[in-house]
Structures are given as structure tokens and as C-alpha cells.
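Q: Protein chains in written order, with numbering that gives the first Met the number 0: chain A, 0 to 103; chain B, 0 to 134.
Among these hints, one or two may not hold up.
[Claimed, not checked] The calculated label-pair distances, taken between Cβ atoms and stated as ranges, are:
no., chain 1, residue 1, chain 2, residue 2, range
1, A, Met90, B, Thr39, 47 to 55 Å
2, B, Phe60, A, Met90, 49 to 57 Å
3, A, Leu70, B, Val119, 30 to 38 Å
4, A, Arg2, B, Val129, 43 to 51 Å
5, A, Leu70, B, Gly41, 54 to 62 Å
6, B, Glu93, A, Gly59, 45 to 53 Å
7, A, Arg2, B, Glu57, 29 to 37 Å
8, B, Glu93, A, Arg52, 21 to 29 Å
9, B, Leu21, A, Val61, 28 to 36 Å
10, B, Lys126, A, Phe89, 58 to 66 Å
11, B, Ile55, A, Pro67, 23 to 31 Å
12, A, Val61, B, Ser125, 27 to 35 Å
13, A, Leu24, B, Glu84, 16 to 24 Å
[Said to hold, decoys possible] Pairs of lysine-lysine, DSS-like flavour, derived with a Cα cap of 30 Å:
no., chain 1, residue 1, chain 2, residue 2
14, B, Lys127, B, Lys43
15, A, Lys12, B, Lys100
16, A, Lys12, B, Lys43
17, B, Lys43, B, Lys126
Quick caveat, the hints were computed from the structure, so don't treat them as lab data. Even for Gly, the Cβ is constructed at its ideal location relative to N, Cα and C.
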Amino acid sequence: MTRAVQASCALYKILLFTYPGDFRLRFGSEMVTTFSDLISGEWEHNGLPGVARVWRSALGEVFSAALPLQLQRTIVVASSMALLSSFALFMTIVYAMTHTCSGQ
Amino acid sequence: MSVSDISIIDTTTRTDRIPDDLEHLLPLTPAVFFILFALTDGEKHGYAIMQSASRISENQFRMGPGTLYTTIQRLLDLGLIEETESAGGQSDHENRRRYYKLTRTGKAVLAADLSRMESVVRLARSKKLVPKTSE
Chain A
0 MTRAVQASCA LYKILLFTYP GDFRLRFGSE MVTTFSDLIS GEWEHNGLPG
50 VARVWRSALG EVFSAALPLQ LQRTIVVASS MALLSSFALF MTIVYAMTHT
100 CSGQ
Chain B
0 MSVSDISIID TTTRTDRIPD DLEHLLPLTP AVFFILFALT DGEKHGYAIM
50 QSASRISENQ FRMGPGTLYT TIQRLLDLGL IEETESAGGQ SDHENRRRYY
100 KLTRTGKAVL AADLSRMESV VRLARSKKLV PKTSE
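Next comes chain A alone, as it looks inside the complex (with noise of 0.2 Å):
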């Protein structure tokens, strides 16, 4: 493995960290393997060119699976809070209005 491709590699694993968590914990090393695989591919046949259009694709997947990931678990965890709150509050309701009426 040339340093060329064992330096994209190390900056691939950086570029993970824009996958949610556990996405990063379940496909990240094969992620890795794959991205290894593909750029060594591309340096042996294309050379240059080939690795920067496998950075360019890398990097564009930051906004076309990445990002839709991420906000996917925004969304559930937002939802998931509003239901929490408006539950809670349902019940602070529920218990003032019990003892408002036991206390008249």
C-alpha cells in the first residue's frame, strides 16, 4: 500500500465522523476496507485522477447519505422529545387539576 493511499485512508476515517454514531460503529471498518480497496484500485489503474474522483464522489456522499442520515435521527429524537414534553405536560395538568378539584 502506497503512502498515498494509506494517507487517504487515514483521512477517510476522518471524513466518517460526519455518519451518525452508530451507523459509524456497524459499517465504518468495512467502509474503510471498501474505500481502501477502491482508491488502490483507482491509483493502480487511473493514477492521480482516478484518486481525486473517488475523493470527489467521498466527499459528495457527506451531503447525499451522510447529512440525510443525520437528519434522519434529528427528527426521530426531536419527535420523540415533543411526544416526552407534551405527555409530561398532559399529566402536570391532569394532577393540578385533581387536586385543584379535591381541594375545593
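With the hints as your guide, set chain B onto chain A.
A: Below, chain B alone, put in the same frame as chain A:
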């Protein structure tokens, strides 16, 4: 024959039934289509799937690891593909690979999409939009 006939042809010529909750997947996205198609040859690891997809599409469709693995995750969750026992290897690099194969549902979904495409091509031929082949 009109455009509205496509769904009728599609329904009547489809040989494999797919679960109702997976109907919304049709038509398949290019990434899903090429991954499922690549796995019809047998189990493959990620890089082999990418190479196969590139070959099948005559280099028209290329995807990076991000698209590949986000799609693989979705297909695993939907039960269209499954992870197999790793074939293993001598190096760490080989050991990190995971192998995937099509499930019966995955095959049915791919067949349904191919059937849909066939119907569209047949309709296009009847309208002389594409040349007829010798077969």
C-alpha cells in the same frame, strides 16, 4: 394501448408476489437496483458489489462507500438482503469484509421491478420509440 395500461400489464405479468408493504419501493432507485442485481450471482462483499454494479451498468452508474453502505443498511432492515457467514481470509483486511446475499423477498422485489421495466419497454416498442430486437 395507453400509459394507464402499464399497471395492468405489470400486475398481470408479474410472476413473483412481493409483500404489500414493499410495493412502495417500486420503481427501485438505481443504487437499490444495482446492488440487488449484483447479488444475483451469489454472495459478495461491498467492493465486489461496487465493481459488479459498475460492470452491469457499463460504467454508467458508480457509487461510493457512503451510498453503498447506507443502501445496504436499508436493504438489511427491509429484509431484501442478509449478511452471510464471513468467508474469512488470512489478512486483517480480508477479515474486516462482510458478505451479503439476496433473500427470497429481495429476489421477488428485483423480479417485480424487472417485470415493470419489461412492460415499459414493450409499450415503448409498440409505440416505435425503441427498435425491435431480433429475439
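Q: Run every hint past the structure and note whether it holds.
A: Each hint, compared with the structure:
{"no.": "1", "hint": "Met90(A) - Thr39(B): 47 to 55 Å", "verdict": "holds (54 Å)"}
{"no.": "2", "hint": "Phe60(B) - Met90(A): 49 to 57 Å", "verdict": "holds (53 Å)"}
{"no.": "3", "hint": "Leu70(A) - Val119(B): 30 to 38 Å", "verdict": "holds (33 Å)"}
{"no.": "4", "hint": "Arg2(A) - Val129(B): 43 to 51 Å", "verdict": "holds (50 Å)"}
{"no.": "5", "hint": "Leu70(A) - Gly41(B): 54 to 62 Å", "verdict": "violated (35 Å)"}
{"no.": "6", "hint": "Glu93(B) - Gly59(A): 45 to 53 Å", "verdict": "violated (29 Å)"}
{"no.": "7", "hint": "Arg2(A) - Glu57(B): 29 to 37 Å", "verdict": "holds (34 Å)"}
{"no.": "8", "hint": "Glu93(B) - Arg52(A): 21 to 29 Å", "verdict": "holds (26 Å)"}
{"no.": "9", "hint": "Leu21(B) - Val61(A): 28 to 36 Å", "verdict": "holds (29 Å)"}
{"no.": "10", "hint": "Lys126(B) - Phe89(A): 58 to 66 Å", "verdict": "holds (59 Å)"}
{"no.": "11", "hint": "Ile55(B) - Pro67(A): 23 to 31 Å", "verdict": "holds (25 Å)"}
{"no.": "12", "hint": "Val61(A) - Ser125(B): 27 to 35 Å", "verdict": "violated (44 Å)"}
{"no.": "13", "hint": "Leu24(A) - Glu84(B): 16 to 24 Å", "verdict": "holds (21 Å)"}
{"no.": "14", "hint": "Lys127(B) - Lys43(B)", "verdict": "violated (39 Å)"}
{"no.": "15", "hint": "Lys12(A) - Lys100(B)", "verdict": "holds (27 Å)"}
{"no.": "16", "hint": "Lys12(A) - Lys43(B)", "verdict": "holds (23 Å)"}
{"no.": "17", "hint": "Lys43(B) - Lys126(B)", "verdict": "violated (39 Å)"}
Of the numbered hints given earlier, the model fails hints 5, 6, 12, 14, 17; all others are met.
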